[in-house]
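Given chain C, work out where chain Z should sit, using these hints.
Residue-level listing of the chains:
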Amino acid sequence: MSGREYLFLRARHVKYFRRCLQVLPFTSVTYDTSRMAVLYFALSGLDLLDGLSELDKEERQHIINWIYSLQILPGNDRDEQACAGFRGGTTLASCRGESSCDTVSQLDCGHITMTYTALASLIILGDDLSRVERPAVMAHVAALQCPDGSFFSTRGGSENDMRFMYCAAAICYILQDFSAINTTSATKYILNSMSYEGAMGQGTHLEAHGGSSYCAIATLHLLGKLDSSLSRTQRERLVRWLVERQSGGGLQGRPNKPPDTCYAFWIGATLQILGALDYLDTAALRQFVLSTQDPITGGLAKYPNSNPDGLHTYLGISGLSLLRKDNLKPVDPALNISQQALSHLHQLHKNISKNSTVPC
Amino acid sequence: MGSTANNITTEENTTQAPGEEHDDSLDDGSDGEAWVFYRERKEWADITPVPQDDGPHAVVKIAYTDPFTDVYDYLRAVVVKGELSERALYLTEDAINMNAANYTVWQYRRKILRHLGSDLEQELNFCREMIEMNPKNYQVWHHRRVIVEWLGDGSKELKLTEIIFSQDAKNYHAWEHRQWALKTFKLYDRELDYVDLLLEEDVRNNSAWNQRHFTISQTTGFTKEVIQREVEYTKAAIAKVVDNESPWSYLRGVVQHCEGSLASVGDLWEWCQKMHDEGQCSPHLLTFMLDLMEDRMERQPDLRPTLLKRCLEICESLATKYDRIRREYWRYIERNLSHRFGA
Numbered sequence: 001m002s003g004r005e006y007l008f009l010r011a012r013h014v015k016y017f018r019r020c021l022q023v024l025p026f027t028s029v030t031y032d033t034s035r036m037a038v039l040y041f042a043l044s045g046l047d048l049l050d051g052l053s054e055l056d057k058e059e060r061q062h063i064i065n066w067i068y069s070l071q072i073l074p075g076n077d078r079d080e081q082a083c084a085g086f087r088g089g090t091t092l093a094s095c096r097g098e099s100s101c102d103t104v105s106q107l108d109c110g111h112i113t114m115t116y117t118a119l120a121s122l123i124i125l126g127d128d129l130s131r132v133e134r135p136a137v138m139a140h141v142a143a144l145q146c147p148d149g150s151f152f153s154t155r156g157g158s159e160n161d162m163r164f165m166y167c168a169a170a171i172c173y174i175l176q177d178f179s180a181i182n183t184t185s186a187t188k189y190i191l192n193s194m195s196y197e198g199a200m201g202q203g204t205h206l207e208a209h210g211g212s213s214y215c216a217i218a219t220l221h222l223l224g225k226l227d228s229s230l231s232r233t234q235r236e237r238l239v240r241w242l243v244e245r246q247s248g249g250g251l252q253g254r255p256n257k258p259p260d261t262c263y264a265f266w267i268g269a270t271l272q273i274l275g276a277l278d279y280l281d282t283a284a285l286r287q288f289v290l291s292t293q294d295p296i297t298g299g300l301a302k303y304p305n306s307n308p309d310g311l312h313t314y315l316g317i318s319g320l321s322l323l324r325k326d327n328l329k330p331v332d333p334a335l336n337i338s339q340q341a342l343s344h345l346h347q348l349h350k351n352i353s354k355n356s357t358v359p360c
Numbered sequence: 001m002g003s004t005a006n007n008i009t010t011e012e013n014t015t016q017a018p019g020e021e022h023d024d025s026l027d028d029g030s031d032g033e034a035w036v037f038y039r040e041r042k043e044w045a046d047i048t049p050v051p052q053d054d055g056p057h058a059v060v061k062i063a064y065t066d067p068f069t070d071v072y073d074y075l076r077a078v079v080v081k082g083e084l085s086e087r088a089l090y091l092t093e094d095a096i097n098m099n100a101a102n103y104t105v106w107q108y109r110r111k112i113l114r115h116l117g118s119d120l121e122q123e124l125n126f127c128r129e130m131i132e133m134n135p136k137n138y139q140v141w142h143h144r145r146v147i148v149e150w151l152g153d154g155s156k157e158l159k160l161t162e163i164i165f166s167q168d169a170k171n172y173h174a175w176e177h178r179q180w181a182l183k184t185f186k187l188y189d190r191e192l193d194y195v196d197l198l199l200e201e202d203v204r205n206n207s208a209w210n211q212r213h214f215t216i217s218q219t220t221g222f223t224k225e226v227i228q229r230e231v232e233y234t235k236a237a238i239a240k241v242v243d244n245e246s247p248w249s250y251l252r253g254v255v256q257h258c259e260g261s262l263a264s265v266g267d268l269w270e271w272c273q274k275m276h277d278e279g280q281c282s283p284h285l286l287t288f289m290l291d292l293m294e295d296r297m298e299r300q301p302d303l304r305p306t307l308l309k310r311c312l313e314i315c316e317s318l319a320t321k322y323d324r325i326r327r328e329y330w331r332y333i334e335r336n337l338s339h340r341f342g343a
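Residue numbers (full-length UniProt numbering), protein chains in the order written: chain C, 1 to 360; chain Z, 1 to 343.
The following block holds chain C by itself, in its conformation from the complex (with noise of 0.2 angstroms):
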């Protein structure tokens, strides 16, 4: 390691995150369908940041308003709530007042990670998700999950994989209603995603990776599942597995890849679900995940001197969340929310479970 001892550059990011919010330069334009995981980066950052209050009430209101403008609000037809949940951005919305033709519906579907991270969003803005519709969303997230139990992205066709098990399990954790998961499958799924590494690919066959790790993990823990699924064997191994991603300081994704700033999140987090995050050199991890950082616009990157963009600054700052160092709130290691805004989405749990006249 080098002797030069990095600052976290709080400010700056701060204000990275608002310019997020704002707006993206055109080498983003590849985010245009997933404006709202942008969203829940920004958000989620400047909670950890601790400067969500650099957004007024009207501006919040605004932004809670643009997220239930991308909810899709079908009928009470079984096969249109399949369709439902949230869209990432607004490339086809405007179709829809347009036309009820088919190809509009069929194209114009709700996405399970922008489910997801819609849901987070108005979490971390103190919104109640009275508005969100919950019966849609569930026969989405229902409808979305193979045989295999692995999940789709959307209704009108994609791959499917490990990330969107993770999306669906988060959603349902969020709304308490795990109805909508086979977790028998879903289970298998992630136990046969398990490599002779010692760790989960994004499914069968494929390459133990750190992010279809803590997609595995964080599932079984939001499902309740994990002491039951794993053998103590299989956990000390996977522990094993994640520990041996620190190179350099940094953690990588997979054996003899460089490190990257956002393992520090899905290794860490992984690490911290099973209790072991301390076994890292933390010291070491924090100097590398502060060396990706861009020291005038703000933002951390992927590799130390590259481009800052918005999944690397959250997921490094997340990351460095974890440790506990630089004045960051803590982070839930599943939901990848502030503590806070965990907190409060428990006290909605609370409110939901007393006032029974609520629709779940």
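A portion of the hints provided could be inaccurate.
[What the hints assert, rightly or not] Have a look at the derived ranges for each label pair, beta carbon to beta carbon:
hint: 1; chain 1: C; residue 1: Ser353; chain 2: Z; residue 2: Glu316; range: 17 to 25 angstroms
hint: 2; chain 1: C; residue 1: Asp79; chain 2: Z; residue 2: Lys183; range: 26 to 34 angstroms
hint: 3; chain 1: C; residue 1: Ser231; chain 2: Z; residue 2: Glu316; range: 53 to 61 angstroms
hint: 4; chain 1: C; residue 1: Arg232; chain 2: Z; residue 2: Trp271; range: 41 to 49 angstroms
hint: 5; chain 1: Z; residue 1: Lys156; chain 2: C; residue 2: Ser231; range: 39 to 47 angstroms
hint: 6; chain 1: C; residue 1: Ser353; chain 2: Z; residue 2: Pro56; range: 32 to 40 angstroms
hint: 7; chain 1: C; residue 1: Asn327; chain 2: Z; residue 2: Ser85; range: 55 to 63 angstroms
hint: 8; chain 1: Z; residue 1: Thr219; chain 2: C; residue 2: Pro330; range: 43 to 51 angstroms
[As the list claims (entries may be wrong)] If you only want the chain C side, here are some residues facing chain Z, beta carbon under 8 angstroms, derived:
hint: 9; residue: Leu21
hint: 10; residue: Cys95
hint: 11; residue: Ser158
Just so you know, the hints here were simulated from the structure itself, not pulled from any lab data. Computed from a predicted model, the values in this text were never measured in an experiment. By construction, the Cβ of each residue, glycine as well, lies at the ideal position given by its N, Cα and C atoms.
Chain Z in isolation, oriented as in the chain C frame:
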């Protein structure tokens, strides 16, 4: 109408965008030729463009270029009409060139291809170009898989992934696609040779080691003979580069297929011991030795006092000398082994 997009285009000039310089050239998707707006094309004169509606207080806006707004305004218009035509197919190509991650455009494109009964071989060529331009994009690979399924012909898939591996031999999407093609079309004949080739090029390629495990599990399976062969193969790879996690992990994976235990495979302990005696102290070697001893202690309680002492010495050397970054982990292993196998 249309003002939302224009507002964004204006804002980009005044707002410093996060982290990146804005490229203000407007030639996206035009292959260097002068871009003709759809709104100026005669063959599109019958269509009224549908602007994007982002609402009055949109967040996370994107500074669309004028050609992008033009293309997507016409895309919305044909979607609203439910038009499934050659010109709409052409339009999706421009829309994809501008943003290959827009999964709804790909879905629309597939709907048109189906409706028109288009030449899917030609579609495979387009898709290959897109994959080569965006090798880490989920949508392009998904599209490829769907088209190959429609054709029922996976004969081009291995070659395609090999082109991608020549740029990045660890591309996860390409490996996933290759495994799918191998399974679906039973193309395993030369797969182990290909893995050999990749491992010769880079013995640290963990994806190739994983592929080796996959291929064997799908073909011969890990019979006694295969295990022995693989152990020898892996030992030779380790002899080339000892401090390489991938083959050590593979070795552990292979011997786990044995009835019994780690230690039941030939002379692994002697082989490790010899390397160690010759001065090798790679953490991967030491970790493997620990695993062998742990396995032995599980099965032979009488050996525990001697082996535990040796294990604790190794943990200590890892924590203080050879693998200091994981010292807290090795301290934990020390405690764990003492607790399980101590007096």
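Cross-check of the supplied hints:
1. The hinted range of 17 to 25 angstroms is not satisfied by C:Ser353 and Z:Glu316, whose Cβ atoms lie roughly 52 angstroms apart.
2. Our hint of 26 to 34 angstroms for C:Asp79 and Z:Lys183 holds, since their Cβ atoms are close to 31 angstroms apart.
3. For the hinted restraint 53 to 61 angstroms between C:Ser231 and Z:Glu316, the CB-CB distance of approximately 28 angstroms leaves it violated.
4. Taken as a hint, the range 41 to 49 angstroms is violated for the pair C:Arg232 and Z:Trp271, whose Cβ atoms sit roughly 28 angstroms apart.
5. At about 42 angstroms, the beta-carbon gap between Z:Lys156 and C:Ser231 stays in the expected band of 39 to 47 angstroms.
6. A hinted range of 32 to 40 angstroms for the beta carbons of C:Ser353 and Z:Pro56 is consistent with their spacing of about 36 angstroms.
7. The hinted range of 55 to 63 angstroms is satisfied by C:Asn327 and Z:Ser85, whose Cβ atoms lie roughly 58 angstroms apart.
8. The supplied range of 43 to 51 angstroms is met by Z:Thr219 and C:Pro330, whose beta-carbon atoms lie about 49 angstroms from each other.
9. Interface restraint check for C:Leu21: the shortest CB-CB distance to chain Z comes to about 5 angstroms, inside 8 angstroms, so the restraint holds.
10. The interface hint given for C:Cys95 is met, as the beta carbon of that residue sits about 5 angstroms from the closest beta carbon of chain Z, less than 8 angstroms.
11. Taking 8 angstroms as the C-beta cut-off, the interface hint given for C:Ser158 holds, the closest approach to chain Z being about 6 angstroms.
In terms of the numbered hints stated before, the structure departs from hints 1, 3 and 4, listed from lowest to highest.
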